[in-house]
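Chemist: The lines below spell out each chain.
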Amino acid sequence: MSAVVREPEPQEPRRNYLNSSYGIRSWLLTKDHKRIALLYLVSVTFFFFLGGLFALLIRLELLTPAGDLVQAETYNKLFTMHGVTMIFFFLIPSIPAVLGNFLIPMMIGARDLAFPRLNLLSWYVYVVGALFTLWAVVHGGVDTGWTFYTPYSTASSNAHVIATAVGIFITGFSSILTGLNFIVTIHTMRAPGMTWFRLPLFVWSHYATSLIMVLGTPVLAVTILMVFIERVLHLGIFDPALGGDPILFQHLFWFYSHPAVYIMVLPAMGVISELVTTFSRKNIFGYKFVAFASIGIAVLGFLVWGHHMFVSGQSVYAGLIFSVLSFLVAVPSAVKVFNWTATMYKGSISYRTPMLYAFGFIGLFTIGGLTGLFLATLGVDVHVHDTYFIIAHFHYIMVGGAIMGYLGGIHYWWPKISGKMYPEAWARFAALVVFVGFHLTFFPQFILGYLGMPRRYHAYPPEFQVLNVMSTAGASILGLGYIIPMIYLVWSMRYGRNAPPNPWGSTGLEWKSSSPPPTDNFEEPPVVTEDPYTYSHEEVETFG
Amino acid sequence: MASAAAPGSAAHGAAPGLQHQFESAGQQREASALGMWVFLVTEILFFGGLFLAYTIYRWQNARAFAHASLHMDIALGTANTAVLICSSLTMAMAVHSAATGRRKLLIGFLVATMLLGGAFLGIKAIEYTDHIHHHLFPGPGFHYPVPADARAAEMFFSLYFGMTGLHALHMVVGLGILTTLLVLARRGRFTPEYHTPVEISGLYWHFVDIVWIFLFPLLYLIGRHLK
Amino acid sequence: MGPSLPLFPEQASAMASRVDALYFYLLAVSGFFAVLIAILVIVFAIKYRRRSETELPRGIEGSLKLEVAWTAIPLAIAMSFFFWGAKLFFAMNIPPNDALEVYVVGKQWMWKVQHADGQREINELHVPVNRAVRLTMTSEDVIHDFFVPAFRMKKDVLPGRYTTAWFHATRPGRYHLFCAQYCGTKHSAMIGWIDVMEPADFQAWLSGGAASESLASAGAKLFQRHACNTCHRQDSLARGPNLQGLFGKPVQLADGRSVVADESYLRESILTPNAKIVAGFQPIMPTFQGLVSEEELLQLVAYVKSLSNPPPAPGLTPAPGGAAPPLVNRAAPPEKGK
Numbered sequence: 001m002s003a004v005v006r007e008p009e010p011q012e013p014r015r016n017y018l019n020s021s022y023g024i025r026s027w028l029l030t031k032d033h034k035r036i037a038l039l040y041l042v043s044v045t046f047f048f049f050l051g052g053l054f055a056l057l058i059r060l061e062l063l064t065p066a067g068d069l070v071q072a073e074t075y076n077k078l079f080t081m082h083g084v085t086m087i088f089f090f091l092i093p094s095i096p097a098v099l100g101n102f103l104i105p106m107m108i109g110a111r112d113l114a115f116p117r118l119n120l121l122s123w124y125v126y127v128v129g130a131l132f133t134l135w136a137v138v139h140g141g142v143d144t145g146w147t148f149y150t151p152y153s154t155a156s157s158n159a160h161v162i163a164t165a166v167g168i169f170i171t172g173f174s175s176i177l178t179g180l181n182f183i184v185t186i187h188t189m190r191a192p193g194m195t196w197f198r199l200p201l202f203v204w205s206h207y208a209t210s211l212i213m214v215l216g217t218p219v220l221a222v223t224i225l226m227v228f229i230e231r232v233l234h235l236g237i238f239d240p241a242l243g244g245d246p247i248l249f250q251h252l253f254w255f256y257s258h259p260a261v262y263i264m265v266l267p268a269m270g271v272i273s274e275l276v277t278t279f280s281r282k283n284i285f286g287y288k289f290v291a292f293a294s295i296g297i298a299v300l301g302f303l304v305w306g307h308h309m310f311v312s313g314q315s316v317y318a319g320l321i322f323s324v325l326s327f328l329v330a331v332p333s334a335v336k337v338f339n340w341t342a343t344m345y346k347g348s349i350s351y352r353t354p355m356l357y358a359f360g361f362i363g364l365f366t367i368g369g370l371t372g373l374f375l376a377t378l379g380v381d382v383h384v385h386d387t388y389f390i391i392a393h394f395h396y397i398m399v400g401g402a403i404m405g406y407l408g409g410i411h412y413w414w415p416k417i418s419g420k421m422y423p424e425a426w427a428r429f430a431a432l433v434v435f436v437g438f439h440l441t442f443f444p445q446f447i448l449g450y451l452g453m454p455r456r457y458h459a460y461p462p463e464f465q466v467l468n469v470m471s472t473a474g475a476s477i478l479g480l481g482y483i484i485p486m487i488y489l490v491w492s493m494r495y496g497r498n499a500p501p502n503p504w505g506s507t508g509l510e511w512k513s514s515s516p517p518p519t520d521n522f523e524e525p526p527v528v529t530e531d532p533y534t535y536s537h538e539e540v541e542t543f544g
Numbered sequence: 001m002a003s004a005a006a007p008g009s010a011a012h013g014a015a016p017g018l019q020h021q022f023e024s025a026g027q028q029r030e031a032s033a034l035g036m037w038v039f040l041v042t043e044i045l046f047f048g049g050l051f052l053a054y055t056i057y058r059w060q061n062a063r064a065f066a067h068a069s070l071h072m073d074i075a076l077g078t079a080n081t082a083v084l085i086c087s088s089l090t091m092a093m094a095v096h097s098a099a100t101g102r103r104k105l106l107i108g109f110l111v112a113t114m115l116l117g118g119a120f121l122g123i124k125a126i127e128y129t130d131h132i133h134h135h136l137f138p139g140p141g142f143h144y145p146v147p148a149d150a151r152a153a154e155m156f157f158s159l160y161f162g163m164t165g166l167h168a169l170h171m172v173v174g175l176g177i178l179t180t181l182l183v184l185a186r187r188g189r190f191t192p193e194y195h196t197p198v199e200i201s202g203l204y205w206h207f208v209d210i211v212w213i214f215l216f217p218l219l220y221l222i223g224r225h226l227k
Numbered sequence: 001m002g003p004s005l006p007l008f009p010e011q012a013s014a015m016a017s018r019v020d021a022l023y024f025y026l027l028a029v030s031g032f033f034a035v036l037i038a039i040l041v042i043v044f045a046i047k048y049r050r051r052s053e054t055e056l057p058r059g060i061e062g063s064l065k066l067e068v069a070w071t072a073i074p075l076a077i078a079m080s081f082f083f084w085g086a087k088l089f090f091a092m093n094i095p096p097n098d099a100l101e102v103y104v105v106g107k108q109w110m111w112k113v114q115h116a117d118g119q120r121e122i123n124e125l126h127v128p129v130n131r132a133v134r135l136t137m138t139s140e141d142v143i144h145d146f147f148v149p150a151f152r153m154k155k156d157v158l159p160g161r162y163t164t165a166w167f168h169a170t171r172p173g174r175y176h177l178f179c180a181q182y183c184g185t186k187h188s189a190m191i192g193w194i195d196v197m198e199p200a201d202f203q204a205w206l207s208g209g210a211a212s213e214s215l216a217s218a219g220a221k222l223f224q225r226h227a228c229n230t231c232h233r234q235d236s237l238a239r240g241p242n243l244q245g246l247f248g249k250p251v252q253l254a255d256g257r258s259v260v261a262d263e264s265y266l267r268e269s270i271l272t273p274n275a276k277i278v279a280g281f282q283p284i285m286p287t288f289q290g291l292v293s294e295e296e297l298l299q300l301v302a303y304v305k306s307l308s309n310p311p312p313a314p315g316l317t318p319a320p321g322g323a324a325p326p327l328v329n330r331a332a333p334p335e336k337g338k
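Those protein sequences? They're chains A, B and C, same order as listed.
Everything in the first sequence is counted per the working numbering, starting at 1 for the first residue and increasing by one.
Everything in the second sequence is counted per the working numbering, starting at 1 for the first residue and increasing by one.
Everything in the third sequence is counted per the working numbering, starting at 1 for the first residue and increasing by one.
One thing to keep in mind: the hints can contain errors.
Unchecked claim - Computed footprint of chain A on chain C; a stretch qualifies when at least three of its residues, placed anywhere within it, have a C-beta under 8 Å from a C-beta of chain A:
id, stretch
1, 15–24
2, 82–89
3, 133–144
4, 240–252
5, 291–300
Unchecked claim - A short list of chain B residues far from chain A (calculated; beta carbon distances all over 12 Å):
id, residue
6, Gln19
7, Ala31
8, Ile44
9, Phe46
10, Tyr57
11, Ile74
12, Ala75
13, Val83
14, Leu121
15, Gly122
16, Arg151
17, Leu159
18, Leu175
19, Gly188
20, Tyr194
21, Gly223
These are computed hints drawn from the structure, not numbers from a lab.
Ideal Cβ positions, reconstructed from N, Cα and C, are used throughout, including at glycine.
Start from the sequences, fold in the hints, and give me the full structure.
Modeler: What follows is the structure, given as structure tokens:
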């Protein structure tokens with residue numbers, strides 16, 4: 001039987017991390033990882049909707065073949081700012097900085113992260129970087145594409161490249177600090193008995209993610225620094241007119257930006273492992289395989305960056321190497337999907353909202369991942385590179401995958417974070433709306449891409465219109481699907497049913513504590529004696 | 001740094017400087033050291049991008065780079081290398097003094113390290129001024145005696161100023177850290193049981209030294225065989 | 001007639017059907033696995049749905065056999081994708097020897113095309129059907145990309161160097177040309193057409209335009225005008241390497257390296273002669289940076305290539321007489337510090 005910790009305290013504790021102190025200073029100067037997680041929640045939500053606004057304008061423009069809603073330069077700024085906001089200010093921080101920050105100390109039985117002040121600093125660094133970028137947005141935006149290819153970004157663009165570059169440079173350090181904090185915490189602060197192979201898979205995923213954050217982000221930082229130097233001082237590092245090499249920029253940029261996509265998806269995979277086990281009421285199938293798959297993805301993810309450059313003019317042999325490595329990195333992801341599916345076999349499947357998001361993730365990530373194989377295939381990538389096929393591929397993974405994982409996790413841990421239950425019927429409805437809207441938005445884009453519609457096009461040939469209209473219709477539905485949870489989650493903070501410590505009957509140390517937890521997470525440091533995901537009648541009885 | 005000036009740990013009883021998220025002083029030490037090592041790895045990747053650019057452009061313009069390197073002042077460069085190596089020695093002595101509880105020696109060695117670091121920056125300033133004077137700072141004012149090699153030479157100097165500039169910035173930050181340590185040491189904050197901030201600052205200082213050990217040959221010595 | 005809804009691009013090149021075959025294989029395999037996972041998830045979700053709040057399924061520990069199987073099988077399938085894709089990729093990157101040479105200069109936001117015999121086009125490229133065509137491309141400013149969906153052909157066009165691509169059109173018709181690398185404000189307007197014509201029509205088109213001289217001939221004139229022949233000559237007064245028969249051959253450099261004299265090497269030798277000094281020669285060649293445009297560079301390259309070629313095939317002889325129109329573009333700003 002489980003002997004993890006003593007009985008949790010009564011359902012409505014007087015003091016928890018939310019009410020332990022009041023006032024704006026207690027939030028802005030907090031060292032509590034849970035409060036910092038909420039600071040991040042507010043910030044990333046803001047940027048999510050800002051990025052979504054840009055997406056809405058893009059899709060509205062693309063309703064008609066002619067460029068008639070906005071000017072060409074405005075359109076170019078819209079897709080650039082959409083990419084920059086969504087990637088750097090929403091997707092990369094989202095799960096790690098919100099859910100990771102909140103849960104990792106609790107999941108390993110610690111009072112806080114290793115460096116709480118560094119944690120708060122990482123949020124402030126994020127905010128400062130975000131402000132620089134917002135300044136650029138307000139003053140007219142950037143039009144280089146989020147990829148900033150040289151020499152356009154250094155020599156040709158008329159827009160606020162420097163401000164945006166500085167903003168991203170600064171925000172990168174937020175990522176590095178978070179990753180550093182997680183690595184040290186997971187290594188040194190596990191509760192007694194919490195061996196590596198007793199860690200929840202959410203923690204393994206975040207450990208792998210942190211490796212990427214720590215090793216990859218500095219390369220982006222120095223690349224942006226070089227772009228800055230070139231643009232301000234007119235030095236020739238990447239500009240051929242000044243003796244530089246634009247392909248060098250691409251290598252340096254993608255060395256970070258490919259692993260970055262794993263920063264975005266690995267945490268979501270960690271969430272899914274938690275959701276599938278809880279809502280199948282079963283241990284994960286192949287724990288070690290899933291754990292090592294996370295590490296494998298992180299390591300292999302650093303070796304494949306050149307698959308973004310098959311037609312760039314790099315050598316054919318480089319293309320071969322990057323292609324074969326890209327196929328290798330797909331394998332651990334496939335292994336995870338098979339293991340999650342097998343976990344459901346002979347389980348006890350519940351259809352609560354978090355599980356609906358998990359189903360959505362498995363389906364959409366599988367499609368997105370499979371289309372990645374098309375792109376790793378040299379002969380096909382030549383045709384679909386820089387078309388809507390690519391856009392569809394990465395949105396399947398980043399929206400169909402990462403955002404579904406994020407929303408699933410938010411709903412799953414909402415009772416723990418807020419002490420309230422969200423309204424289940426509305427939540428299921430919203431999940432369905434998201435799923436339908438998503439497919440309608442992005443599936444037609446695979447067809448558009450193979451037909452040859454290039455990306456970043458403000459106007460397009462008329463024969464592409466019908467598919468574009470379908471995509472825009474889907475985007476409106478998808479947007480609605482995101483707005484609904486905003487409303488009911490906020491509503492639930494005031495009017496939601498009070499949450500018990502363990503509403504889902506889950507294993508895991510975070511559920512041993514009250515909802516919301518006390519500031520120090522546990523009354524006494526827990527001692528762990530069991531493997532993770534070991535379900536017994538104790539959990540069954542607490543299911544609410 | 002997270003575990004530098006750390007008041008308020010009375011809740012955990014004995015150990016001074018123990019922060020409340022840690023179970024023991026040993027855990028805090030382990031975490032602080034690992035944290036600094038992880039940070040240094042990020043620094044390696046950070047400098048790495050510039051080293052990569054240097055490698056590629058030198059491979060493409062080997063001869064021109066070697067000739068451009070002859071414009072470096074080998075005496076000053078060697079002096080700086082010696083200065084930094086000595087400063088690593090004094091820093092290591094400072095850490096040792098902290099570990100053995102000798103406060104006065106700790107302060108002395110910290111001051112010595114800072115003076116040497118300041119000397120390094122001073123010599124660097126002299127070199128930079130000299131290069132600017134000779135129109136070797138890249139940009140509109142750049143002028144190189146061998147026009148056919150001008151483009152490659154300007155690339156060399158861009159990398160020189162970029163890499164040594166970034167390194168100098170890290171030195172300045174290092175001096176700031178040492179100042180903080182000095183203030184704390186004078187207040188008697190470090191004991192044989194608790195001197196983690198000194199240890200991890202030592203790691204940082206040694207790292208900055210090692211970066212210079214790589215920069216020096218790549219920037220100053222690659223043309224020597226031509227002389 | 002309602003709005004058109006094409007769902008698949010037409011196949012207009014020899015490569016297109018090969019790419020599509022691989023694509024359909026990928027679709028079939030991916031479709032199979034996607035449907036398999038979907039069915040399994042749906043079936044499990046229904047069959048094992050929670051029927052009572054107190055039910056507690058037994059844990060399954062996992063299965064090494066299954067893990068190995070579903071690692072090895074996807075890996076093997078992935079390798080099949082790799083090999084087929086790599087084979088196609090090689091074919092895409094190695095043009096046949098007898099390909100028709102066409103030169104492309106991209107600039108914000110238009111495509112300038114030069115045929116070997118001097119015909120020039122803007123945003124349009126006429127080619128004969130059933131003949132391999134090789135494009136040598138460069139950009140005057142930022143990175144562009146030459147993309148013809150109907151040929152399944154795409155290649156980035158870079159400033160400061162040449163990239164090449166080739167295709168073999170199999171069906172007459174008019175096909176979209178897109179710029180597929182974001183290049184600024186009018187990126188989506190940097191489009192054009194590829195006109196594939198029957199051989200007879202193509203001949204008619206070639207001779208129908210304004211009389212112009214071939215690229216090689218224009219290049220020969222530039223060679224004289226810039227006094228290249230004062231050093232690159234075949235007698236004892238030569239101070240530079242002999243260019244006769246040079247193109248396509250390996251060159252020994254002073255630093256011990258050996259490089260092949262291709263278009264990029266020629267271009268680099270004209271613009272930054274000190275980058276690669278040929279063994280046995282002094283670094284005395286002046287740079288022509290700022291003195292020749294990208295289009296003039298292509299003419300010089302065509303001229304040096306012609307010093308190695310056999311005489312051109314019949315049907316592509318240059319139109320008689322006429323000088324090339326004067327070119328006013330410059331490749332790069334004047335070198336500073338000179």
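Chemist: All hints are to be evaluated individually against the structure, with a verdict given for each.
Modeler: Hint-by-hint comparison with the structure:
no.	hint	result
1	15–24	holds (count 4)
2	82–89	holds (count 7)
3	133–144	holds (count 3)
4	240–252	violated (count 0)
5	291–300	violated (count 0)
6	Gln19	8 Å, violated
7	Ala31	4 Å, violated
8	Ile44	8 Å, violated
9	Phe46	4 Å, violated
10	Tyr57	8 Å, violated
11	Ile74	25 Å, holds
12	Ala75	27 Å, holds
13	Val83	26 Å, holds
14	Leu121	20 Å, holds
15	Gly122	24 Å, holds
16	Arg151	4 Å, violated
17	Leu159	8 Å, violated
18	Leu175	21 Å, holds
19	Gly188	23 Å, holds
20	Tyr194	17 Å, holds
21	Gly223	19 Å, holds
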